[in-house]
Amino acid sequence: MKNLASLMKQASQMQAKMEAMQSTLEGMSIEGAAGAGMVSVVLSGKGDMRSIKIDPKLADPSDMEMLQDLIVAACADARKKLDATAAEEMQKVTGGLNLPPGLKLPF
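One point on numbering: in our numbering, the residue at position 83 of the sequence shown is 89, and numbering is uninterrupted.
Hints were generated in silico from the structure; no laboratory data involved. No experiment lies behind these values; they were computed from the predicted model shown. Be a bit skeptical, because a hint or two may be false.
Straight-line C-alpha distance at most 30 Å; calculated DSSO-like pairs for lysine-lysine [claimed, not checked]:
(1) K98 with K86
(2) K87 with K59
(3) K52 with K23
(4) K52 with K87
(5) K23 with K59
(6) K52 with K98
(7) K98 with K15
(8) K87 with K63
(9) K8 with K87
(10) K86 with K63
(11) K87 with K98
(12) K8 with K23
(13) K86 with K52
(14) K23 with K87
(15) K23 with K98
(16) K15 with K59
Input sequences plus hints: build the corresponding full structure.
Right, dumping it as structure tokens:
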């Protein structure tokens, strides 16, 4: 029983660390860019778009399709960076232990 109590204590500590990590991520801003920086998007740590900047030179009504593609690419770039940052933070919390996504501790 002593080992079970120790395991539950460790799980509880890990959950507290994960909650702190999630709070840290929520406060972060991650920027993604496309078109050599002509379109940039800032996402919150939760993946919500906070801002978008578009170089005025791209606002040509005859070339809106390219602008739309660049916005999508900038969002994808920011999301990729956000996922990498979240993975790094998770590695710090778990000490390299690979846990399944969405795992809630304690069990």
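Taking the earlier hints as the rules, which of them does this structure contradict? 5, 9, 16
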